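Using the sequences and the hints, build the whole thing.
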Amino acid sequence: AQSVSQHNHHVILSEAASLELGCNYSYGGTVNLFWYVQYPGQHLQLLLKYFSGDPLVKGIKGFEAEFIKSKFSFNLRKPSVQWSDTAEYFCAVNGGAGNMLTFGGGTRLMVKP
Amino acid sequence: EAGVAQSPRYKIIEKRQSVAFWCNPISGHATLYWYQQILGQGPKLLIQFQNNGVVDDSQLPKDRFSAERLKGVDSTLKIQPAKLEDSAVYLCASSSMRASGGLEYNEQFFGPGTRLTVL
Chain A
280 AQSVSQHNHH
290 VILSEAASLE
300 LGCNYSYGGT
310 VNLFWYVQYP
320 GQHLQLLLKY
330 FSGDPLVKGI
340 KGFEAEFIKS
350 KFSFNLRKPS
360 VQWSDTAEYF
370 CAVNGGAGNM
380 LTFGGGTRLM
390 VKP
Chain B
19 EAGVAQSPRY
29 KIIEKRQSVA
39 FWCNPISGHA
49 TLYWYQQILG
59 QGPKLLIQFQ
69 NNGVVDDSQL
79 PKDRFSAERL
89 KGVDSTLKIQ
99 PAKLEDSAVY
109 LCASSSMRAS
119 GGLEYNEQFF
129 GPGTRLTVL
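In order, the protein sequences belong to chains A and B.
Residue 280 is where the first sequence starts when you use the working numbering, and the numbers rise one by one after that.
Residue 19 is where the second sequence starts when you use the working numbering, and the numbers rise one by one after that.
By construction, these hints were calculated from the structure, which means they are not laboratory data.
One or more hints might be untrue.
[Unchecked claim] Below, simulated DSS-like cross-link-like pairs (lysine-lysine); rule was C-alpha separation at most 30 Å, straight line:
#, chain 1, residue 1, chain 2, residue 2
1, A, K348, B, K62
2, A, K340, A, K391
3, B, K62, A, K357
From a predicted model like this one, the values you see are computed outputs, not experimental measurements.
In structure tokens:
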């Protein structure tokens, strides 16, 4: 069975600070990795995804994530956060047959203006 | 394109009552998912349909939860009878195959969810 761990449950940053949210997964085979974001009052939206190739993937709104296979990690980063990045961020993994997504517990980010 | 539609958005019931949620996926999406998201946790898959057939329902508590997608389009999820621990947001998602850089992948689109409170 696959599982996903997000180590930071709550993060508070000031605007322009750099962001890194941790995500580790457990699955022995080939995985597809995702970060979803949920802004206050809105739906879950796909932020970025990794399937193969360059382990550094870029998503919307200046976010990027790096897949490090040896560490089973897929950390999300942004060099300079904005107040509008306040949201909850979910890491998810899809491994094995089918398209089942396993989500981490989420990280709630608050950016202070 | 129109997104995934869900109704109702909010529902409050007492324990042992029954409740049903409805989902209309994005047009043309063959795969439909129901997730349960308990406060403070990530979404957990309950059931996955491919057209009108069940692909995975291993995490669906079948003694009280049921779901159907009779015509392969919209779907209903029912809880009967509800327990206090069923209080959660129930998310519906649908997906289609997409191509990027020569690879095909399956991207899930989520609806707004139904927030269920069981008293």
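Consistency of the hints with the structure:
1. K348/A to K62/B: 24 Å, holds
2. K340/A to K391/A: With Cα atoms ~18 Å apart, K340/A and K391/A stay inside 30 Å; holds.
3. K62/B to K357/A: This hinted pair holds, its Cα atoms lying about 27 Å apart.
Of the numbered hints stated above, none is contradicted by the structure.
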